[in-house]
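The lines below spell out each chain.
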Amino acid sequence: MIRSFLSALALVLFAALPARAIDIQEVTSPGGITAWLVEDDSIPFVALEIAFKGGASVDAPDKRGAINLMTALLEEGAGDRDAVAFAQAMEELAASAGFDVSDDAVSISFRALTENRDRAADLLADALTRPRFDADAIERVRAQVQSSIRAQDSDPQGIASKEMARRAWGDHPYGSVISGTEGSVAALTRDDLLAAKDRVLARDRVLVSAAGDIDAEALGMLIDRILGGLPAQATAPLPPKADLKLTGETVVIDWDSPQTVVSFAQPGLPMDHPDYFAAFVLNHILGGGGFSSRLMEEIREKRGLTYGVGTGLSNMVLGETWAGGMATANDRTGEAVALVREVWGAMREGVTEQELHDAKTYLTGEYPLRFDGNRRIAGILSGMQLMGMPRDYVNTRNQKIEAVTAEDVERVAREVLDPGKLEFVLVGRPEGIEASGS
Amino acid sequence: MRRTLAFLLATAAAPALAEMPPGVSHFTLGNGLEAVVIEDHRAPVVVQMLWYKIGSADEVPGKSGLAHYLEHLMFKGTEKLDAGELSKTVTANGGMDNAFTSYDFTTYFQRIASDRLDLVMGMEADRMANLRIGEDDWQAERQVVLEERAQRTDSDPRALFAEERSAVQFYNHPYGRPVIGWRGEMEALTREDALKWYEDHYAPNVAVLVVAGDVTADEVRALAEKHYGPIPPKPDAPRDARPQEPEQRAERRMTMTDPRVPQPVLTRSVIVPERNPGDQKTAAALTVLAELLGGSPQTSFLGQRLVLTGQALGVGAWYDGLSVDPTTFAVTMAYAPGTDDAAAEAALDAAIRDFLAQGPDPAHLERVKTQLRAARIYERDSAHGRAYDYGQGLAVGLTVGDVNDWPDILAAVTPEDVRAAAELALGGRAGVTSLLKPAAPGEAAMVQAAAGAGEAAPVALTGEATGGPAPAMGDAAGAAPADPQALGGSTPAVVPDVPSPAATAPAAPVPADTPHPAQPAPASPAASVAPLADPAQDPAPEQTR
Numbered sequence: 001m002i003r004s005f006l007s008a009l010a011l012v013l014f015a016a017l018p019a020r021a022i023d024i025q026e027v028t029s030p031g032g033i034t035a036w037l038v039e040d041d042s043i044p045f046v047a048l049e050i051a052f053k054g055g056a057s058v059d060a061p062d063k064r065g066a067i068n069l070m071t072a073l074l075e076e077g078a079g080d081r082d083a084v085a086f087a088q089a090m091e092e093l094a095a096s097a098g099f100d101v102s103d104d105a106v107s108i109s110f111r112a113l114t115e116n117r118d119r120a121a122d123l124l125a126d127a128l129t130r131p132r133f134d135a136d137a138i139e140r141v142r143a144q145v146q147s148s149i150r151a152q153d154s155d156p157q158g159i160a161s162k163e164m165a166r167r168a169w170g171d172h173p174y175g176s177v178i179s180g181t182e183g184s185v186a187a188l189t190r191d192d193l194l195a196a197k198d199r200v201l202a203r204d205r206v207l208v209s210a211a212g213d214i215d216a217e218a219l220g221m222l223i224d225r226i227l228g229g230l231p232a233q234a235t236a237p238l239p240p241k242a243d244l245k246l247t248g249e250t251v252v253i254d255w256d257s258p259q260t261v262v263s264f265a266q267p268g269l270p271m272d273h274p275d276y277f278a279a280f281v282l283n284h285i286l287g288g289g290g291f292s293s294r295l296m297e298e299i300r301e302k303r304g305l306t307y308g309v310g311t312g313l314s315n316m317v318l319g320e321t322w323a324g325g326m327a328t329a330n331d332r333t334g335e336a337v338a339l340v341r342e343v344w345g346a347m348r349e350g351v352t353e354q355e356l357h358d359a360k361t362y363l364t365g366e367y368p369l370r371f372d373g374n375r376r377i378a379g380i381l382s383g384m385q386l387m388g389m390p391r392d393y394v395n396t397r398n399q400k401i402e403a404v405t406a407e408d409v410e411r412v413a414r415e416v417l418d419p420g421k422l423e424f425v426l427v428g429r430p431e432g433i434e435a436s437g438s
Numbered sequence: 001m002r003r004t005l006a007f008l009l010a011t012a013a014a015p016a017l018a019e020m021p022p023g024v025s026h027f028t029l030g031n032g033l034e035a036v037v038i039e040d041h042r043a044p045v046v047v048q049m050l051w052y053k054i055g056s057a058d059e060v061p062g063k064s065g066l067a068h069y070l071e072h073l074m075f076k077g078t079e080k081l082d083a084g085e086l087s088k089t090v091t092a093n094g095g096m097d098n099a100f101t102s103y104d105f106t107t108y109f110q111r112i113a114s115d116r117l118d119l120v121m122g123m124e125a126d127r128m129a130n131l132r133i134g135e136d137d138w139q140a141e142r143q144v145v146l147e148e149r150a151q152r153t154d155s156d157p158r159a160l161f162a163e164e165r166s167a168v169q170f171y172n173h174p175y176g177r178p179v180i181g182w183r184g185e186m187e188a189l190t191r192e193d194a195l196k197w198y199e200d201h202y203a204p205n206v207a208v209l210v211v212a213g214d215v216t217a218d219e220v221r222a223l224a225e226k227h228y229g230p231i232p233p234k235p236d237a238p239r240d241a242r243p244q245e246p247e248q249r250a251e252r253r254m255t256m257t258d259p260r261v262p263q264p265v266l267t268r269s270v271i272v273p274e275r276n277p278g279d280q281k282t283a284a285a286l287t288v289l290a291e292l293l294g295g296s297p298q299t300s301f302l303g304q305r306l307v308l309t310g311q312a313l314g315v316g317a318w319y320d321g322l323s324v325d326p327t328t329f330a331v332t333m334a335y336a337p338g339t340d341d342a343a344a345e346a347a348l349d350a351a352i353r354d355f356l357a358q359g360p361d362p363a364h365l366e367r368v369k370t371q372l373r374a375a376r377i378y379e380r381d382s383a384h385g386r387a388y389d390y391g392q393g394l395a396v397g398l399t400v401g402d403v404n405d406w407p408d409i410l411a412a413v414t415p416e417d418v419r420a421a422a423e424l425a426l427g428g429r430a431g432v433t434s435l436l437k438p439a440a441p442g443e444a445a446m447v448q449a450a451a452g453a454g455e456a457a458p459v460a461l462t463g464e465a466t467g468g469p470a471p472a473m474g475d476a477a478g479a480a481p482a483d484p485q486a487l488g489g490s491t492p493a494v495v496p497d498v499p500s501p502a503a504t505a506p507a508a509p510v511p512a513d514t515p516h517p518a519q520p521a522p523a524s525p526a527a528s529v530a531p532l533a534d535p536a537q538d539p540a541p542e543q544t545r
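Taken in order, these protein sequences are the chains called S and G.
For the first sequence, our numbering gives the first residue as 1, with consecutive numbering after it.
For the second sequence, our numbering gives the first residue as 1, with consecutive numbering after it.
Quick caveat, the hints were computed from the structure, so don't treat them as lab data.
Here the structure is a predicted model, which is why all the values come from computation and not from measurement.
Hints may contain errors.
[To be verified] Facing chain S, according to a computed beta carbon distance under 7 Å, are these residues of chain G, among others:
(1) 28
(2) 88
(3) 143
(4) 244
(5) 247
(6) 248
(7) 299
(8) 367
(9) 370
(10) 371
Every residue gets a Cβ at the ideal spot worked out from N, C-alpha and C, and that includes glycine.
Given only the sequences and the hints, what does the whole structure look like? Please build it.
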C-alpha cells in the first residue's frame, strides 16, 4: 500500500517536473572546424573534449598497439619541451590534458582556468602537432604499456573481455586488444608512432565538445589555436562495419580462483534502429536497472549467488552487442548461468505495466541528472557526436522513451532476445557448465 | 599567473579562519543531527548523503564485517517499506542510490531530481529508526557479502596482500582488520548481530546529513526537521574510543608471490598522524609530501628518480588524513619482472635518503600550491564531490570549520614543514616493507609472510581515477571522470571504486545511450586495455553495497 502511494506520488511529481532544456550551440571556427558548446560562466574554467574518430581501430594491420602507444606519448614532451618540462608547464598553469584511446576514438579531456586558457591551449597544440616521441620516453612508456598488457592477461575479467571480443569480432580491429601484445609493442619504432599519429590525428576526423566559461567566438579561436596545425586529412581510411560472429557457444578458460567471471553476449541493435528505445527499456528491466532488474532479483537478491549482475546494449560506432556479466562462486556457476538463460528467455513473455512504468520513470528521470557539471557535459556531447546523434537528441530522447509501449517491448524481446544465441565466456573453475566451444 | 596567485593568496591569507564558502551552510537539529547544505543550481539534481559515525573499526573482535553487513541489510525494509523497495522507489523516480562502509563511517546516498528530496529524505529517515530484517533476507544477503568478498578480495592478489599488510601494520588498532571482514567471521554473522549493531549505533546524534545540489538551506532545514527531527537521539550511540597502537619498534618485512600478479610491487608503509580538529598542520604537510614524492611520473621526486630513469614502471605515495585514528603513509614502486628485488629496494631507499637530505624543490612546491588553488575552482564543478569533503570530514570528527580551513592550511605548508613530515614518515621509524611478486610460470602461489596496509587513498592530483562521486548506475555518460580534487581539501578517500553492482559485475556492460568516448563501456566486447593503469596502486579498502 505504501508502494502504490509512492508510485502515485512519482507520477504526480513527474508530470510537474519541468525538464530544463539543454542548449547546445554549434560553433564553426574561423578555420572551419565545427564544435558543440554548452556555455555556462558560473565557474571560471572550460572543459573541452576532443575526439578523433577511428581511434585504435585505424592501427595499421601489422602495427597493433601503435596508436595506443602514440597516444600515451603525446604528453611526454612536445615542441621545445621534453616530458618533464611539458608536465611542469601544465602544472604551472594548473591545466590538465588527459589522453585516452578506445576502439572508436583517440580522446583528449582538457581543462583550463579561464585566465590561463590560451597558454594552456598552446601546450595542448604542441602535444597534438609537435610531439617529440623522444627515445627515452618511448622506452619508458613502452614498458608501462607492456606492464598493462601483462596486467590484463593476469586478470580474469581482462581475459574474459579479450576472449569475448575475439569471438565476437574476429579479424576486425574490435576483435583484438587496442594495446597490442607484448611482442607487437616491442617491435614498434619511432617511425611507426609518427605514422600512427598521421593515421588518426587529423582535422577531418576531429569532434570537439566544450562546456563552461567560454562563448562561441572565443571557442572558435581556441579550437583553431589547438587544432589548426594538424593535417587536413588522416592517412588511413576508417574501418568497415564489424560483422558479429557470435554463435551461441559456451567456453571455459581455466583460471585458479574461487570465483568464475562470467561474460555473455548476443547480437544487439544499432542506435538508429527503430526498435532501439524499446530494447533500451527492455534492457533496463532485464539487467540494466541496478538493484531492481530481473537478473539482480533472481541471482543476487533471492539467492545470493553474486555480488552483481548487469546487462547493457553495448553500442560501438561499427558494431553492437547485447552483453552482460557477473562473477559467481565456482560451485554455483552452473546454477547462476542457468538463471541468466531462464530470465533472458522469460523476457519474451513480456513485462508488466508496473515494470514498464518504473523503467520509463527511471530512464527519463535520471537523464537530466547527468548534465550537472562542465566536464560531464563535455563528455556527453563528445559521446553523442561520436555516435552520430543530432544535437537535439538531448531534448527529444525522453519522448522516445515515453513512446515505448508494452507491446513494443514484448515484440522486441521475441524478435531479438534469444537465450540460444547467448555466447558465454567463463574464466575460472566453474561447476555445472557444459562447454560447447573452444 | 603570478598576479593571480597573489590575488588568491590574499583571499586566503589567514589560516584557520576561513569563512563558509558561498552557497555552503551548516546547522544542527535538536536531536543532534548535523547537516551541511551545498547549493549548486546549475542542474535540477540533488544528492542526499547520510553519514553515520560508525564503521568497521568499531566492531568487536570476532565480528569483523558486521558494519558492512548491516549496511547491506539496511536495504531490506522497514515497517513501511518492503525489502528492496527503497532502491526500487528511488530508481522508479529516476534516481540512483547506494551505500558504502569504511573503517570510520557508514554512508548511504541517493542522487535524484531535486524535487524528490522530500521523498528520499523520508525514506532515509524511516530506516534510521524503523529497520526490519526478514527471516529469509538475512541469509541470502550474507551470501551476497561473501560473494562480494570473493569478487573483490579473494579473486585479487593485490587486495589479499593489502589486507594482510594492514594486519601486520597495526598490532592493536582495529584498522588491522578488513572492512569486508575475515571470511570465517563473516560466515558466522547473524541477524541478531546485525540488529544489535543497528540498535546500538544508528541514531541522529551520530549522523551527518549532507545535501548538495539544486536546493536551498531553508528547504533542507525544513525537510530535515520534518523527517529526521522527530527521531530521538541515543545517548550511548557514539563510538567508544578504540584500542590504540602501542609504540612500534620492529621493522617488519613480508613477501607474497602469486601467479596473477603482473609485476613486483614494493611498498613501504608507516603509521602517521591523521587530521584532527584544530590540528591539521602535520596532516597538510604529509598530504603535500605525498604529492611531491609521487604525484606525477614526470614531475614528482620519485617519478623523476625511479620512473624517468627506467628503474620503475610506476611509483606512488599515499596518504589520507581523513580518519579517526592515526593512519598510514606509504610509498610504492612497481618495477619490471626480472629486476633484482634488492636493487629495486636499494634504489627506492637511496631516493628517499636524498629527499630527506635535500628537502623539497621550491619550484615544485610552488607548482603544487598553484594546483591546490586551482582545485578550489575546479572542485565547484562537482557538488557531489564537495558533499564527500564535508561528509567524510565531519564523519571522522572534524568540524565544518576544519573542512573550510583545510585549503588554507595546505597553502601555508612551508618547505620546512615538508622536511619535518618527510622525517616523520620516512626517517626510519619502524614500518612495514612489503613485496608482492609474480610467481614464476608453473610455480604455485605461495605466501611467505603476510602483509597489507593500504588504507591510504591516493592523493588526488595524481589521478583522474580517484575522486568523485559514484557514477550513475550502469550508465556510460554517468561515469564521466571525477575531479582530482583531493589536495583541494577533498579526495574522497571513500570513493567507492565499484559504485554499484551493475558496475561491479565483471564485464557488465554499460548502455551506450550517449556514451562517453573516454570511458568505454567496461564490458563492451572490445578488448580495450587502459593504456597506463597505475601499477603501483592498491585497491581501495572500503566496501560498497
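Verification of the hints:
1. 28: violated (28 Å)
2. 88: holds (5 Å)
3. 143: holds (3 Å)
4. 244: Residue 244 (chain G) check fails; min Cβ-Cβ to chain S is 34 Å, beyond 7 Å.
5. 247: violated (38 Å)
6. 248: Nearest chain S Cβ about 33 Å off; hint violated.
7. 299: holds (5 Å)
8. 367: holds (4 Å)
9. 370: Given a least distance of 5 Å, the restraint on residue 370 (chain G) holds.
10. 371: holds (5 Å)
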